[in-house]
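Chemist: One letter stands for each residue in the lines below.
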Amino acid sequence: MAASIWSVQLHTVSAKAVELRSDYLLDCAFRGKRIVASAKNSKNVSEVVKSEKRSLPLLLQEAFTKLQESVKSLPPATLLVKRYSGVSLAIGISTIVTLLVIMVTSYVAKRSRRNRPPGSVADLVRRGQLRSDRRGISNPLKYDDPFNNPLVKVSKSNSTVEMCGKVYRLAPVTLTKEQQAVHQKRRSRAYQWKRPTLFLREGDSVPPDVDPDTIRWIPANHPFATTASEIDEDLAQTNVYQKHGVPFRIKAEHEALQRKLEALQCEQKLGKLVIDPGAAKDFESPFKTRLKMEEQLDQGPNNRQMGSKFSESESDRDSFVNKHSSEEMEKP
Amino acid sequence: MLSLQSLSNPKPSSLYSSSFTPPKTLKPIPPFRPSRNFYPSIHSLLQYNRKPQLAGDTPRVVVITSGKGGVGKTTTTANIGLSLARLGFSIVAIDCDVGLRNLDLLLGLENRVNYTVVEVLNGDCRLDQALVRDKRWSNFELLCISKPRSKLPLGFGGKALVWLVDALKARDEGAPDFILIDCPAGIDAGFITAITPANEAVLVTTPDITSLRDADRVTGLLECDGIRDIKMMVNRVRTDMIKGEDMMSVLDVQEMLGLPLLGVIPEDSEVIRSTNRGYPLVLNKPPALAGLAFEQAAWRLVEQDSMETVMVEEEPKKRGFFSFFGR
Chain A
1 MAASIWSVQL
11 HTVSAKAVEL
21 RSDYLLDCAF
31 RGKRIVASAK
41 NSKNVSEVVK
51 SEKRSLPLLL
61 QEAFTKLQES
71 VKSLPPATLL
81 VKRYSGVSLA
91 IGISTIVTLL
101 VIMVTSYVAK
111 RSRRNRPPGS
121 VADLVRRGQL
131 RSDRRGISNP
141 LKYDDPFNNP
151 LVKVSKSNST
161 VEMCGKVYRL
171 APVTLTKEQQ
181 AVHQKRRSRA
191 YQWKRPTLFL
201 REGDSVPPDV
211 DPDTIRWIPA
221 NHPFATTASE
231 IDEDLAQTNV
241 YQKHGVPFRI
251 KAEHEALQRK
261 LEALQCEQKL
271 GKLVIDPGAA
281 KDFESPFKTR
291 LKMEEQLDQG
301 PNNRQMGSKF
311 SESESDRDSF
321 VNKHSSEEME
331 KP
Chain B
1 MLSLQSLSNP
11 KPSSLYSSSF
21 TPPKTLKPIP
31 PFRPSRNFYP
41 SIHSLLQYNR
51 KPQLAGDTPR
61 VVVITSGKGG
71 VGKTTTTANI
81 GLSLARLGFS
91 IVAIDCDVGL
101 RNLDLLLGLE
111 NRVNYTVVEV
121 LNGDCRLDQA
131 LVRDKRWSNF
141 ELLCISKPRS
151 KLPLGFGGKA
161 LVWLVDALKA
171 RDEGAPDFIL
181 IDCPAGIDAG
191 FITAITPANE
201 AVLVTTPDIT
211 SLRDADRVTG
221 LLECDGIRDI
231 KMMVNRVRTD
241 MIKGEDMMSV
251 LDVQEMLGLP
261 LLGVIPEDSE
271 VIRSTNRGYP
281 LVLNKPPALA
291 GLAFEQAAWR
301 LVEQDSMETV
311 MVEEEPKKRG
321 FFSFFGR
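Here the protein sequences line up with chains A and B, keeping their order.
Per UniProt numbering, the very first residue in the first sequence carries number 1; after that it's consecutive.
Per UniProt numbering, the very first residue in the second sequence carries number 1; after that it's consecutive.
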């Protein structure tokens, strides 16, 4: 605004100055012509010179007075500057200050980012060990509620809502209780449905005293295809309700293993009584002992017994594993 | 960080002073009654100065269903669940999609699911071992029904889910406030299983005729099953298309289904980004448009409230005197 006023004022000043100058020039030219004409007409040049000598100061004085008048008619430039300088100066200073503040804050932020102590969590994020967006508990937002906060504003007339900077027109919901009831009736007529309570695989026979409407036929390739017969219902229920302790199956497996181990130990009790020098080193280097045993097997007939024992125990272990896995297969 | 203390001594908001009339059209705001024992079950950090008033008996078992696939059931479950957790309620989200579970991915908990309901039923683990606690909001727990690509021996239908709900009620640390069940698409055995323990339903739909037809059918089945408290959530709404009459408005959808509105979620590219990150939308900072809408829907769900006005179309923003300097 101020700048435009300034430019307009300056324009008027310069226009006046141009006018004045052109007046002066025209005047001079006119007078010059007159001088030439008079010189041509009159024969006495000296007279002409004399008369011009008299008139020149007059002309200059006239021009000077004209200039003075025009200058007087103009508003003083200093006054113009004084009138608008305050506003423009303030705007200029504020702009510079804002720019400076932005630059300083960005510089400080950059510096603080660089000057973080080494080994902080930020370093882990930078190295890709931690994900910055998944660290700890997310910070709670600091606004009042989701219906009235800096991001969601309802207009005073309740006709619009501003969400995330976008304004949306609001319209009242027209659904009434009666309409809801009508829709419910329509649906109850359209969809007659009983919740299926029995799930049968396709091809199974329908048990007696069962409402055929409540049977759900499941195709064999459906994720639900393995049906109730494979899990004991009561057992499953107790498993779900179990709060403490070892889960049922883990416990059962553990007990079965222990029983088998005990049985094995009983069978091999006599054999175990024989102290085996190789077995003492078992804990230290099992790989070495195995090699040793293999060597012994190859070397002498005296050690064949031991070798056979080893192979026996191996085969036992294998059979146990097989048994165990087959049992697992049996169980669902 | 705000603590529970701010609840016992809440400052009256300047926005709700006598001069300000609360926005009636969006949602009636109940008067706040400060009390120390107002929410006995809340044991988490507060997000808002105000809190929604929990209506109904706990645990509230809510099934989130749609009929049609790909309308945003799992996204809704994840976002509503975490919004509720941020409001201080304890939540258990059950992913009932047997073969195609995805809720763990949306929540970013895919690497932490070791046990599922199938293992619990088999006795391979206890129920508390199968619950995956979210580290961001510790009052949110995830329970998956089975591992992907595995068959579920749920021949006895929804009984297993009823047992689960009963077991969760009888937990030592107290029953959860909400049990959210993410229902699989379709009206097959998975759907029947998922709706069995539910008392109320959230029907997610998009404003197109395919999902509306499925939604209507699913609503009919839910009503036949005795679930009367059904609210709908219209997802992926595009106000620009509504303005151009290329998309049904939310009011049109409501006219077709005749269900009260829990929320309207605008189409937002942030949804895809948040899915990619495994970081639900409502945890975004700054919150996205869809995230805000999910938060509002969660608030309404707590108070068993429904929308009274809906966003119809976008209007050009009125520019003020200083708009020259800003956006």
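Treat the hints with care, since some could be wrong.
Computed list of lysine-lysine pairs in DSSO-like fashion (alpha-carbon distance at most 27 angstroms, straight line) [said to hold, decoys possible]:
(1) B:Lys159 / B:Lys68
(2) A:Lys166 / B:Lys317
(3) A:Lys153 / A:Lys166
(4) B:Lys135 / B:Lys243
(5) B:Lys285 / B:Lys317
(6) B:Lys243 / A:Lys185
(7) B:Lys68 / A:Lys251
(8) A:Lys153 / B:Lys68
(9) B:Lys243 / A:Lys156
(10) B:Lys68 / B:Lys135
(11) A:Lys194 / B:Lys159
(12) B:Lys135 / B:Lys169
(13) A:Lys243 / B:Lys243
(14) A:Lys177 / A:Lys194
(15) A:Lys243 / B:Lys68
(16) B:Lys243 / B:Lys317
(17) B:Lys285 / A:Lys251
(18) B:Lys68 / B:Lys243
(19) B:Lys285 / A:Lys243
(20) B:Lys135 / A:Lys156
(21) A:Lys243 / B:Lys159
(22) B:Lys159 / B:Lys169
(23) B:Lys243 / A:Lys153
(24) B:Lys135 / A:Lys194
(25) B:Lys159 / B:Lys147
(26) A:Lys166 / B:Lys159
(27) B:Lys243 / A:Lys251
(28) B:Lys147 / A:Lys166
(29) B:Lys159 / B:Lys135
(30) B:Lys135 / B:Lys147
(31) A:Lys110 / B:Lys135
(32) A:Lys156 / A:Lys166
(33) A:Lys153 / B:Lys159
Because the hints were derived from the structure by calculation, they are not lab data.
Chemist: None of the hints should be skipped; say for each whether it holds.
Modeler: Against the structure, the hints come out as follows:
| no. | hint | verdict |
| --- | --- | --- |
| 1 | B:Lys159 / B:Lys68 | holds (24 angstroms) |
| 2 | A:Lys166 / B:Lys317 | holds (7 angstroms) |
| 3 | A:Lys153 / A:Lys166 | holds (10 angstroms) |
| 4 | B:Lys135 / B:Lys243 | violated (42 angstroms) |
| 5 | B:Lys285 / B:Lys317 | holds (23 angstroms) |
| 6 | B:Lys243 / A:Lys185 | violated (33 angstroms) |
| 7 | B:Lys68 / A:Lys251 | violated (43 angstroms) |
| 8 | A:Lys153 / B:Lys68 | violated (34 angstroms) |
| 9 | B:Lys243 / A:Lys156 | holds (23 angstroms) |
| 10 | B:Lys68 / B:Lys135 | violated (32 angstroms) |
| 11 | A:Lys194 / B:Lys159 | holds (16 angstroms) |
| 12 | B:Lys135 / B:Lys169 | holds (22 angstroms) |
| 13 | A:Lys243 / B:Lys243 | violated (56 angstroms) |
| 14 | A:Lys177 / A:Lys194 | holds (26 angstroms) |
| 15 | A:Lys243 / B:Lys68 | violated (37 angstroms) |
| 16 | B:Lys243 / B:Lys317 | holds (15 angstroms) |
| 17 | B:Lys285 / A:Lys251 | violated (47 angstroms) |
| 18 | B:Lys68 / B:Lys243 | holds (26 angstroms) |
| 19 | B:Lys285 / A:Lys243 | violated (39 angstroms) |
| 20 | B:Lys135 / A:Lys156 | violated (41 angstroms) |
| 21 | A:Lys243 / B:Lys159 | holds (19 angstroms) |
| 22 | B:Lys159 / B:Lys169 | holds (15 angstroms) |
| 23 | B:Lys243 / A:Lys153 | holds (21 angstroms) |
| 24 | B:Lys135 / A:Lys194 | violated (41 angstroms) |
| 25 | B:Lys159 / B:Lys147 | holds (19 angstroms) |
| 26 | A:Lys166 / B:Lys159 | violated (47 angstroms) |
| 27 | B:Lys243 / A:Lys251 | violated (64 angstroms) |
| 28 | B:Lys147 / A:Lys166 | violated (42 angstroms) |
| 29 | B:Lys159 / B:Lys135 | violated (30 angstroms) |
| 30 | B:Lys135 / B:Lys147 | holds (21 angstroms) |
| 31 | A:Lys110 / B:Lys135 | violated (31 angstroms) |
| 32 | A:Lys156 / A:Lys166 | holds (16 angstroms) |
| 33 | A:Lys153 / B:Lys159 | violated (46 angstroms) |
Violated hints for the displayed structure, listed by number in ascending order: 4, 6, 7, 8, 10, 13, 15, 17, 19, 20, 24, 26, 27, 28, 29, 31 and 33.
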